[in-house]
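*Asks:* What follows is each chain in one-letter form.
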Amino acid sequence: MELIVSGSDLDRLIRSLKEKGRVAGPVSRPTFRGRMVAWAEIRSIGEVVFDEAPRESMKRFLFPQPEVLLRFKRKGTGYEVEPGQVSQETVLFGVRPCDARSACLNLLPYQDDPFFLRNMAATVIVGTRCEQPCSTCFCRDVGGGPESIEGMDARITPCGEGSWKIELFTEKGLALFQAMAGGEPAPTPEGGAEKTPPLLKPLKSAPLSSLYESDVWAELARACLNCGICTFLCPTCYCFDIQDERLGSSGRRIRYWDSCMFPLFTQHASGHNPRPTKLHRVRNRFLHKLKYFPDRFGSFSCVGCGRCVRECPVGIDIRKVMKRLAEAVQTEV
Amino acid sequence: MRGIVHHITEELRNTARELLASGRISAFLGFREGDHPMTVAPFAARTAEEVELLIFNSFCVLNSANTIPELLRDLTPPAKRGEPPNEPPMIGVIATGCWSRNIVVQIQEHQVPRDKLVIVGVASRGMVDRRKVLAKLPNSDVYSVEEQDHLLLVRGRGYEVEIPRWEVVRDNCRSCSHPEAVDFDLWIGPKTGPRSIDAPFQELEEIEGLGAAGRWEWFSNEFSRCIRCYACRNACPLCYCPTCFVDDSRPQWVGKSADFSDTATFHLLRAYHCAGRCTDCGACESVCPMDIPLRKLTKKLYKAVKERFGFEPGLSSGATLPLSTFSSEDREEFILRPGGPGQEER
Ligand code: SF4
Ligand code: SF4
Ligand code: SF4
Ligand code: SF4
Ligand code: SF4
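Which chain is which? The protein sequence lines are A and B, in order.
If you count the first sequence from 1, position 248 lands on 248 in my numbering, and the numbers rise without skipping.
If you count the second sequence from 1, position 167 lands on 1167 in my numbering, and the numbers rise without skipping.
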């Protein structure tokens, strides 16, 4: 179902939503370098940037950094445990198709995770379509596309002169715009599903050992800084660590972002580290996205948003890695 | 690539090729082009073919010194059990002013043996902050960038613009008085001499003038964007600790999440670890994906060390390091006494 609304109607909606929870979108912010597009709470639809992807994905809303899992207090010889944070009602405006799709991919490994499910339930994703994919975008090569609506509850498209087209795809989306839509019809998801990406098959059918021994890893490891930029900005990187933070006799158990690029990620208490070098860690990042995840869940763990390409300080491009691996596989058979 | 950087790159390759062919060094450390426009990656050429990948241009915002300890470790043959460690082989390395100053710091701190290095000095023309370029472009998207002596020719979807190079040069380079390597064995490219800078700490004045509350507001506004990716630390040639304080778990010095108290602790400690050592090379700030003005903290400490101890890091390997000496003349007004100085702003 589809409706055309005015900017002032949307602003009224945003104001009323803000009474119950948070409303956020990508906005342009001044920085010492000029400007950047960053996620922030919004007061009006006019603030939302539609023609440039935000530096960060929307991940922070679904994987809070940190997420309080529980709180504890010493009581006698044991502990009294209380639930941690509740998921905040959240509406995200202007989510790009790749980022929206990441929620569906992340759901695969997190389908039994009560915290992620709770956050998903509390979040309404109002996506958008990309008029102009960037030079770093490759959503089509990994199974998505600028017209994909996967993961969106609704989609908003600016249609000039201060009016907006709203398409509703899910019950959540319908509920959000209920007042404007006047209730009624059932949502009809359409579009979305793209064909199987051409590189998926060769990589999935390749024996792991042939990819594992590729000489691309040593090359990448020589350049890589082993920072957390690519993994932390990536919408489909979801690894975490858990820690108890204690002050006196009470404290909290938090879950926070971790990255396979950090040596500490695999450090054992014994001192042994099964991924002791950069090469091991670089290889894990790419093979997790391009081989382990597809083997297990059927899709690349990558939505082609291009953030890792744009933001990597040494200019490493995952598309080149994919090509190199696929070539190696093809020459082998 | 044309003009000055083209000539310097040619000279660089010739020098590296000769050094490798003579057997004097076993690798030459510099940069090669990254896969993405306006990026470079650290690169140690070990063969004549690999030398052809070395480049020098305005996008070398990383610091060559950062890779030296790691490269020497990688190149040192492992010792046999029970025997003393082997000596590292010699390597060549390219160095601008600040890179060479960071090498001096590493020598002073016994991380790098001077006699294992052939330092090839060069004068920096000031490196370009690629995000300053991107901020000027439609959708921040770029297809290719061609560097000329005073212009960047930038192409993207449906546009082609010329950006004056100096407009997008990094803030640290604009206030740099030592663009030339201070310690070197060989030289490539033109010599430009030191630059005279009237107000090297001008960029701090606005924040210094804010008062304690205003400064805290500035700090929390800018630094709360940090995602704790540690690219700044990993790009810094001072950060060679086998276990960084942020990674220590016994005891744990700082919380792991992006709660602001933890992020603030990380940044304050990181900056203080760099006091009297930081050369203002700008690598940390250049790699930050969140536009955090990291250098403001280290530059403030640079200024404090300069004013109090008359010391600037990395200018001479014989100098006494301010943080490892003590003099009864050292000022100590930071020791707070009731009613004494330093209390007025609290
Ligand atoms: S962003 Fe680039 S340098 Fe940093 S860990 Fe990822 S690949 Fe390595
Ligand atoms: S791997 Fe890179 S391109 Fe793919 S989803 Fe992550 S950040 Fe985006
Ligand atoms: S703290 Fe930043 S500016 Fe200072 S030496 Fe390290 S990377 Fe360079
Ligand atoms: S931040 Fe401090 S502890 Fe960590 S690596 Fe740098 S100097 Fe060492
Ligand atoms: S590089 Fe930037 S975002 Fe990353 S840890 Fe450093 S300041 Fe934070």
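Any given hint might turn out to be false.
Unchecked claim - Straight-line C-alpha distance at most 20 Å; calculated EDC-like pairs for lysine to aspartate or glutamate:
hint: 1; chain 1: B; residue 1: Lys1132; chain 2: A; residue 2: Glu52
hint: 2; chain 1: A; residue 1: Lys201; chain 2: A; residue 2: Asp295
hint: 3; chain 1: A; residue 1: Lys320; chain 2: B; residue 2: Asp1035
hint: 4; chain 1: A; residue 1: Lys320; chain 2: B; residue 2: Glu1033
It should be emphasised that the hints constitute simulated quantities derived from the structure, not laboratory data.
Quick caveat, the model's predicted, so the values are computed rather than measured.
*Asks:* Could you run down the list of hints and mark each one as holding or not?
*Replies:* Structure-based check of all given hints:
no., hint, verdict
1, B:Lys1132 x A:Glu52, "holds (16 Å)"
2, A:Lys201 x A:Asp295, "holds (10 Å)"
3, A:Lys320 x B:Asp1035, "holds (8 Å)"
4, A:Lys320 x B:Glu1033, "holds (14 Å)"
Checked against the numbered hints above, the structure violates none of them.
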